[in-house]
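Start from the sequences, fold in the hints, and give me the full structure.
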Amino acid sequence: DNQEDTTVSSQVLPFLIPVVLGNQQNGMRGRFGALVDTGCTRCLINQLVVDELKLSVEFMKQPMKFEQVDGSLLGGKPSFTMTVPVKLEIGVHWEILRFIVVQDMREDVILGLVLLDHWQPTIWWEGGLDI
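Using the working numbering, read the sequence shown as starting at 93 and increasing by one per residue.
To be clear, the hints were calculated from the coordinates, so they are not data collected in a lab. The structure displayed is predicted, hence computed values, not measured ones. Ideal placement from N, C-alpha and C gives every residue a C-beta, glycine not left out.
Calculated lysine to any residue pairs in the SDA-like style (CA-CA distance at most 25 angstroms, straight line):
| hint | residue 1 | residue 2 |
| --- | --- | --- |
| 1 | 146 | 179 |
| 2 | 146 | 120 |
| 3 | 146 | 190 |
| 4 | 179 | 119 |
| 5 | 157 | 172 |
| 6 | 146 | 157 |
| 7 | 157 | 188 |
| 8 | 179 | 117 |
| 9 | 157 | 124 |
| 10 | 157 | 209 |
| 11 | 157 | 134 |
| 12 | 146 | 115 |
| 13 | 179 | 120 |
Okay, the calculated beta carbon distance ranges per label pair:
| hint | residue 1 | residue 2 | range |
| --- | --- | --- | --- |
| 14 | 155 | 184 | 29 to 37 angstroms |
| 15 | 184 | 157 | 33 to 41 angstroms |
| 16 | 150 | 205 | 21 to 29 angstroms |
| 17 | 153 | 188 | 16 to 24 angstroms |
Put into C-alpha cells, the structure is as follows:
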C-alpha cells in the first residue's frame, strides 16, 4: 500500500486567530494574526509589529531564549526586550499585557501558556477561541 496516511503526513496549518493590538501611549491600533501555541510559555510579538505600532520596549533583566522543536532559536537569537503594556483584543475580550519581542519570526503574535493558563479558554478548532 503506497498511500500515505493523511492524518500523519498532510500539511497542518497553524491555529491562527485574529487579534487587535493597541498602543496605550499613542492610540495606534492594528489587526494581526496570533498563533495559539501551547508549547510556548510566554506571549511573543514580532519586532515588525512593534515597529508598526511604534510600541515602546524595556530591557528585561535576563535575555530569554525560545528554542523550537528542531533546536533552533526562534528569531535566531535571544530576546532582550519586552513591550510596555499593550491592549490585546480577541473578539469581545480584551486585556492589557506585555509581550516579549522576537526580532524575526513568521507570526505577528504568539499567545502562549501564560495567557492560556490564566484564562483557560475554550477552543473551537474550526471557529476560533472563546475567552
